[in-house]
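Peer 1: Now for the letters of each chain:
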Amino acid sequence: MGDLLSLFINSVFIGNILLAYFLGICSFIAVSKTIETATGLGLAVIFVLTVTSPVNWLIYHGLLAPGALAWAGFPEMDLSFLKFITFIAVIAAMVQAVEMVIDRYSPLLYAALGVFLPLIAVNCAILGTSLFMVERNHTFVESVVFGAGSGTGWMLAIVSMAAIRKKVRYADVPAGLDGFGFIMIVAGLMAMTFMMFSGITL
Amino acid sequence: MQNNLSHYKEILVKGIWRENPVAYQVLGICSALAVTVKMSTALVMSIALTLVAGFSGLIISSLRHLIPSNIRIIVELTVIASLVIVTDQILQAYLYDISKQLSIFVGLIITNCIILGRAEAFALANNPADSFVDGIANGLGYSMILMAVAFFRELLGSGQFFGISVIPGFVYDMGFQDMGIMVLAPGAFFIIGLLVWLKNSLPGGISHEKK
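If you read the sequences in order, they're chains A and B.
For the first sequence, our numbering assigns the number 16 to the initial residue and increments by one for each residue that follows.
For the second sequence, our numbering assigns the number -10 to the initial residue and increments by one for each residue that follows.
Just so you know, the hints here were simulated from the structure itself, not pulled from any lab data.
Just to be clear, a hint being listed does not mean it is correct.
What the hints assert, rightly or not - For lysine to aspartate or glutamate, the following EDC-like pairs were computed, each having C-alpha atoms within a straight-line distance of at most 20 Å:
1. Lys89(B) to Glu150(A)
2. Lys(-2)(B) to Glu8(B)
3. Lys182(A) to Glu51(A)
4. Lys(-2)(B) to Asp119(B)
5. Lys89(B) to Asp93(A)
6. Lys181(A) to Asp93(A)
Small disclaimer: the values here were computed from a predicted structure and weren't measured.
With the rest of the complex left out, here is chain A:
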């Protein structure tokens, strides 16, 4: 239990998927204009990550990993090179399925998250989390915690960025720096503060 908590805290703060590994920056910049949309996208990312990370774990360890097909009579088979194309297909399919389920059962949630769901299919944070999960040899339970933790960390970062952008809307930024360059420098400062958490040991 303690290990899982530590994994969660680690993936939210110290190994923040956005600020330490730079995943999902495209949508981080595009959607951080208002706090409401940032929260909506953040929730959608948490949701999709918590679902896709364990599903990809099952597919990888059940079908693709070296020796995983022993039950079917192919103990030598190593399909792990197919993980990129499988994961992206799973993610695209899961996003589509999640969108249809939400649309059917919760129109309210759909109205809030609907526009963001298609964006998520190509968000590098989702594919990146699945690939990290394979590379770091997480167990099934760890993959759920890691997915949820990464999503929470991503949401924390985008909501904080939206709040900061709201505060500096009327600030007098030098002409060439305004926009993208300015956001990058603010993100750098945020990354520095998040690094302070690495002093915490659990």
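Position chain B relative to chain A; hints supplied.
Peer 2: Same frame as chain A, but now just chain B:
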């Protein structure tokens, strides 16, 4: 022929400088930052991305009359993912150390918005040769930013250029220290922010929109 050449040159200049994918269109910076601690990894990543961008443009553009428009995204992703798998296998076979250092970021070329973005915006509407040149041009534009960020991070962070120490010993004796922050994540954000500022301040590079 003359016309053709200037036409390709036009596409190249647009991709590399005027509409640079990273600095102007804000695409594909996800992976642009993570692999820039050292110039060698950045160079391999640049070459891989440029080739994937070029060939995905070529293939998708050749198929553009055959792909039904409602499933085009999936077809594009499949083409791109297949190219990335080939690239990853080649890297693992010939450059194993670097492929370990690049870890998941080779795979993330699939979700790099530059490639899908150019496929959507250019390859679906133009002929294969133009699309190939456009892919290469955008790949080179991306590589330029990547190499620039890597240059500053490696120089300031570890005093090296492609792994060779370039800051002479007596500078360290005088009290100079490597900037640890450059090796860590925030360094990448600062460098890219400052580079974009520089690019926007240069003549002909002001094409940024007001937020």
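Peer 1: Take the hints in turn and mark each one as holding or not.
Peer 2: Each hint, compared with the structure:
Restraint check for lysine 89(B) and glutamate 150(A): satisfied, since their Cα atoms lie roughly 10 Å apart, inside the 20 Å limit. With a C-alpha separation of about 14 Å, the suggested pairing of lysine -2(B) with glutamate 8(B) holds against the 20 Å cut-off. Between lysine 182(A) and glutamate 51(A) the CA atoms are separated by roughly 15 Å; this keeps the pair inside 20 Å, and the hint holds. With a CA separation close to 11 Å, the supplied pair lysine -2(B) and aspartate 119(B) stays within the 20 Å bound.
For a cut-off of 20 Å, the pair hint linking lysine 89(B) to aspartate 93(A) stands: about 19 Å separates their Cα positions. The hinted pair formed by lysine 181(A) and aspartate 93(A) fails the criterion: a straight-line CA distance of about 50 Å is larger than 20 Å.
Hint check: a violation occurs at hint 6 only; the rest are consistent with the structure.
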